[in-house]
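Sequence order for the protein chains is W and R.
Note that the first sequence covers residues -3 to 535 in this note's numbering.
Note that the second sequence covers residues 4 to 508 in this note's numbering.
Wrong hints could be hidden among the right ones.
[Said to hold, decoys possible] Which residues of chain W face chain R? A partial, calculated answer using Cβ under 8 Å:
1) Glu146
2) Val165
3) Ile169
4) Leu173
5) Met176
6) Ala177
7) Val188
8) Met317
9) Asp321
Keep in mind the hints are simulated off the structure, nothing from the lab.
Just so it is clear, CB atoms sit at the ideal spot from N, CA and C, and this is done for glycine as well.
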Amino acid sequence: MFDANLVSWVSFLPLGAGLLLLALNAAARAVGSELSASVWKGAGLVASVATFALSLRLWTGYDPTIPDYQFVEHVPWLAEWGVNYYVGIDGISLLLVLLTTFLQPLVLLASWNDVKHSLKSYVFFMLALETGMIATFAALNLFQFYLFWELMLIPMYFIIGIWGGPRRVYAAIKFFLFTMAGSLLMLVAMIVVYRLHFEQTGTYTLDLVAVPGTTLPGLLDTNILPGGDLWWRTQPWLFAAFALAFGIKVPVFPFHTWLPDAHVEAPTAGSVILAGVLLKMGTYGFVRFALPLFPSAAVDFAPLVFGLGLAGVLYGALVAMVQQDVKKLVAYSSVAHLGFVMLGIFALNDEGLKGSILQMVNHGLSTGALFLLVGMLYERRHTREISAFGGIAKPMPIFAALFGIVTMSSIGLPGLNGFVGEFLILLGTFRTAPAIASAATFGVVLAAVYMLWMYRRVVFGPVEHPENRGLIDLDLREKLVIAAVIVPIVWIGVYPQPLLTRLSAPVGEILRVMETKRAQAAAAPALAPLQASATEPAR
Amino acid sequence: MIPAPTLDLGAVLPLILIAGGAFLVLGLDLVLGGESEAEKYRKSAVLSFASVGVLAAVIASACTAFSAGAGAEFSPAHPMFQLDRLASFGIALVAGGTLLSILLSTYYLKEIGVQHGEYYALVLLASSGMVLLVGAVDLVSVFLGIELMSIPIYVLAGFDRRKLRSNESALKYFLAGSFASAILLYGMALLYGATGETSYAGIGAAFDGTAPLGVIGLGLLLVGFTFKISSVPFHQWTPDVYEGAPASVTAYMSVTVKAAAFVALVRLAAATFGPVEGLLGDVLWVIAVATMVVGNLMAVIQDNVKRMLAYSSIAHAGYLLIGLIAVAPGDAGGYEAVLFYLVAYLFLNLGAFGVVVSLAHRGQDAERFEEFAGLARRRPALAALMTLFLIGLAGIPGTAGFVAKFRIFMAAVQQDHVWLVVIAVLTSLVSVYYYLRLPVLMYMREPGEAAGRLRLATGEWLVLAVCAIAVVVLGVLPNNGPEDLLSWLRAFDWTRESVAALVAR
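Looking at chain R on its own, in the form it has when it is part of the complex (with noise of 0.2 Å):
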């Protein structure tokens, strides 16, 4: 007879929290109902209330369990998915990014015409794949997070489908995901050929960096996760895919996404293969200086707004892979600092898109770059709040951008990784170029014809508040602020503490 194995169900708390609040919300839907343009919003609206509400106990439980800070397993006998720091952390930042992302959503979906109720569903289908990738111990505890937020975000890049670019999107990022998903698996298969495990503490055990199958198994894992987090070479979708999606969705897969992938990669690297050295550490470097590069020299050229915000957001992905470069044995500054630019960048490129959401007007989305131009005339806090986290992308001082990037160098350095931060500041002296050209648009040319709508939702003034404010106190007063005020913001100690069991180790 098998025994039955153990479980400990408050181990995937926030799992089952989000994934039932997905179909709590798909049930709501049907319930509902409604035929008018106005019925549609007001359920929209309600489910909206429902997913903000499901995603605050999470992210109450994910505070929760960081607190404690045990690591409880799923199952003990077979670990799959573990609740550490660094998964609740992970959580934490997903669901705070798919949060705001449907407080921008509300209106804009009604802007757009497309009020269907499965967007709110869909949506938190896909973050819980990543709430499971984020904690997943397993490769196959990885894959099905992986494919759990993939497939959902399929759908919503195609959502728009009256629009011919929406359908495009959708499918070319159906193609190429799973092409990525196909070498991933094949990537797993071969590791677990050469090692005989599945588990992360398995395959860690078993791992001999000499043999080829294992480091081939690696490479095509690694190909798989560098698709998800847009790096070069495999980033080709990305510009496509941004621009086609509805913004909203842009909004939430630029953030969550490379969120989850993000804190999946250091669990891999670091729980894996301890510290990234020799031949992957090289395989990396190359590609976080080709992705600085081609994102930062590609966004130049674009004169689509979304486009840019897409190239961007490669450019990113490469000096957050400095981070996974710039660690050593006891050294995890690079882990601590890559969660902190996670978390800065979702602010940032939440305000970012934010704005771009809250300019679509009558089923278009505000993304020519002459749509802009003296916007700071017409709509002076909305131009404001847009310099504001163009900026911080920019990594100007006085921002969160600024204090990621000045982290993410400063473990580099620290393991004397000087030319990869001197490129990477050449790099990001390019992206100034591009990032200071709406502002100049904004403030410095005419208005054109009046586009755009005129008012903010409730939702979207909330949401662009929020990540100004977030932008703000992380670039002045990460951790330790003044008493009494923000003496409870403590960002740099949350990130070491999210890392340490895993160096530790």
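Same shape as in the complex, but just chain W (with noise of 0.2 Å):
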């Protein structure tokens, strides 16, 4: 029953289990009782263990000789602005969207016991907000693809704004306005590519490509030219709108301002899906939309992305090496992990393109861990300083164990995840840039100084707090989480070839288009004249 529409079942299963969660409850109450807590919990953890068991069988049923989308479902929807409900799935979303549903019912069951008011609404915007991500990552129809994208701005909100630390609001707040700014200049862009699509092709489409067994154009068939004969429809322009508003999510070294205060003040699941799926949405926007949208901009801007990347990578290992709050030192690591991926991406050749997908998928299960790990050491303690630890591995060896094996993915030791994305990564942008990648291989050496002279202060050394010596060890719900994430923590870095192998048919579809386009554009007559007549003032 579900093989037919797998993506949207997959998409519409939390939000709908969140809804009828909602529908039960109001009819409860219509009768004077209730849903308990214990409901709620359970129902949403096991709609999201629903979604992940069904998205497995995406994976199963995704053939990786096969370059183009599967699972494709296209139903029109505003047909007459080509506005359809066009989902797919290549190796890029597969690996995201499972990062998702495997994310998810973690975190639930991460904050159990996390979550002391309004739990219902809890449940509900988790659940709402998964179905957003699915769906952001699954759509092939732009005006889908930010509908969804802003959709999912407004669970978030609510999870740090409402269960988040005491400057919530605050970060909340900001996090919405960042996001919002880039995305509506994104927006406006949106709709000039509309435009200039149906001026080359004569048809209305906001569907990425076309649908298959048809023969209308999608726009991924327009060759934006890079000088048009206005400057706004030209694709430097789009090229920024769009790569501002992923830059953001990203976020990208100088966009990264929210970051912090988002991540520290969210409550631990917030923090966990911000990390682990929320900033990936940036990169995959970068991948999936702007490279072969835009192809000669991607190349014209890449030596500037290179550069914000390179500093994104030292500014935020500078930064989260004087951290004294252990979440803030994981979210600058965020900046600079993200770094890296950017590197990679605007390497635009084979091994960088797939280095930072599986990076994207490495951060979001170690940094995922790593905030998990965080937000059991604040159950119990109820601070984040790193200097009221130490010593943790007497009362918490389980803890300190995981906890190493943790950072060390997130440093990128051999034989763990970090190490065969950054390699591929560094190996990527050696090929184009080797300066930027001599550079960025020092943010490396840089990664293992701070996360490992944090470790050493939390766990190792006496106990000098006598409130350390009682705390408890984790117990089974905690152990389970957290060797749940690390069992693909190990996988990935002992055997990455499936994952590689799902990466390279549709990394290489991108890059065929942008040199496609390319030679286009360099073969079209020149539009230098056209250009020049159009500064001049009209007379």
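Got two chains here, separate frames each, mind docking them using the hints?
Next up, the structure:
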């Protein structure tokens, strides 16, 4: 029953479950009772586990030899505008969807006792958020992508704002406004692309690619030339508008300032989803939209992005080093890690792109796990100051061991997942920009410095604070959550081949589209005279 | 001997129905009488039922006229009022907004203690002015429509006559409105002087864009309209009037006056002067930008919910003006976008004011921001609805507000007005900030001392539910829903058909 519309099932199962719970709750209230908190928690967990189980069928059913989108569904929506409900999965979105559905039940389980008030809304918002994230990754229509990209903000805004730390309202609003600022300009660029596509092909569409079996053109058939007849119809500024939206989300230095606030103030579950999945929306957007739509501008902007990516790597690492708060340290480490991902994407070659996409998954796993572990510490001690800990290994040996593995994964120890991604990224970047790659290598060293230093100060040494002596080690639920994340961390580290195989075809396709369009643009009659005449004042 | 003109009474059927209804309600009020509060409430309920019945008949007649689509003229020899598709659309819009605001009013009037039967008669009279306005094709009937619309609303703004603020609101609106009417009239006189005609068709044929007299006349006409749609620089009355008037009146006037005035503007722009170009286009461009910027920036610093919504309504006038600019011969995308925006705005704004009305308690409107603190704990459904309406007004996808803005922006990009769209999105970013202030209070703050009443009247629930459903449905499936379920809903097609005749001319 699910196979016909598998992607839709996976996307909307969580939201459907959430709405069903709301309806049941309303019905129960009508007869004078209410669904208890544990029913909500249990149902939310069951729904997200079911979503994960369903999404595994995407993995098993995906044929890595076909470079096209699979599990495609296409339903006319606002047909006259070319807005369609158009979803499909390729290797890139497959990995990110699986990352989302995998993290979601763990997050719900991890926050089992965390949420003290308004639990029903919490479960509902988490489920709505999951639908938003999956639907964003699966969208092949630009309108639909924008819709879910924005919709996703609302549950996240409430999760930070209601269940967050002391400065939660400030952080929530900052998060919302920063993301909106970028995406509204992307909306304008999107409408311009829509119009340009119409002018070139005669059809109105916002579909990224043509529907299989039809001859209708998709947006990727638009070849916007570097010099159009009006400044706003040229690739550079369209690319810039998209890149701003995605860059804020990633976040690329210097747009990262919302991130430490949001990460630190968000409740554990919010931080995990934010770091694990939401940041990837930005990098995913570059890969899926910005590169194939505006290939020439992407090449032209690459040096700038390299610079910003490198700045992110070094700045994130240096700032992380001086943090007193573990959560803030992990937040700044995200800036550095995502800087690596940006370098890999704009290396614009096979290794770089593959490594970046793999690293998106890796970062989701290891940083997600770090936030989970920090959350567990916080639940016990109600502080995250590094100086408040020390010698945790004695009262909490299992915690110390798991924390150690995750730390190693985060700094890219060979044999764990982080190494594979970083290695491929550096390899790819080295082929395009050796100097940048060499400088970025220094970031790997810095990552080892700040992570290991933090680990030593928290876990080793004598127990200086008497409160830490009586700390209870992880219970079964917590062990289960962390162990579940460590399985793929080790698996990807030892045997990344299944993931890389699934990435080969779609990455090749993106590079091919870019190459073709750039060749076409180079061969096209120069538009320079036209542009020159347009810049002269009309008389 | 002067031959008797042939009149088509069918063309003014909606007008007859609504004006007749107003007098019917006024008469009923006299007949029924009532001394105690309970009796008055019963009478008030009867009057509101009667008004709803009248409005339903008006909507039905407008829908019939829309499907007929012939464009009947009241007096073919001397066109004054034309019941074409645009007019039918406008009438249905105005009557729908009136109907919802009346449902919102009955219990509210009891709660603030001014249960006078004239309320309903005045609302219906004002709406009959709007009905006249949306179908007016002559300067004389335009002026009649505007005055018939405005004068009852001056009274309604001061309806809570024991409150100083309500009185102030009425007086301010009356004085400023009279000035605007005078300027409007002066503009009409100059236009008549320049062209020798009062009908749109005649003016359109004789208008000369280079003759200063006609251009000045048109400019003064525009001043009168910008006052009614509350756009910069004639917006200063809006926050004071919206704040002082009873919340149900604010809800009513904020949506219906804007709808009627914009439909009239579309007709004026399209039928008389062709697509707005050249000087007039530049003037509108400046007004639109100033309106969006001032409205959104001023809304940020308000500490009163009604004032905040007043500035937000100014800002929305700015977005609507973009639609008037974004047209060209043969391309009425901008007009279509304006009409759709008006529908979306009607449900969004009525919904938001509906929540304010539903929280009014013991003669006091819930209008200070603090009164919304912790509302999600006390009244989860109401808080969720308010959040929906506010994010809709902010233009977040999934709501009617987004589709409306998207259409406006699309029309503007089609006409190369990209800068305008960039300014519009940047100002709507500002709007997100102030629209989110209420959700922050409702969800992220502890409840203050209990304020507001605990129960909602049936009418209030009904209005909020209708608005919420409309906001979501228009946001997700505005056109051509799935078979057998929403396939009747063709909001885009309706807006296109409404203005098709205007550009074809």
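Outcome of the hint check:
1. Glu146: OK, holds: Glu146/W within 8 Å of chain R, min 5 Å.
2. Val165: Where the cut-off is 8 Å and the nearest Cβ of chain R is about 5 Å from Val165/W, the hint holds.
3. Ile169: 6 Å, holds
4. Leu173: 6 Å, holds
5. Met176: 5 Å, holds
6. Ala177: Cβ of Ala177/W sits 5 Å from chain R, so the hint holds.
7. Val188: 6 Å, holds
8. Met317: Because about 33 Å separates Met317/W from the closest Cβ in chain R, which is outside the 8 Å limit, the hint is violated.
9. Asp321: 22 Å, violated
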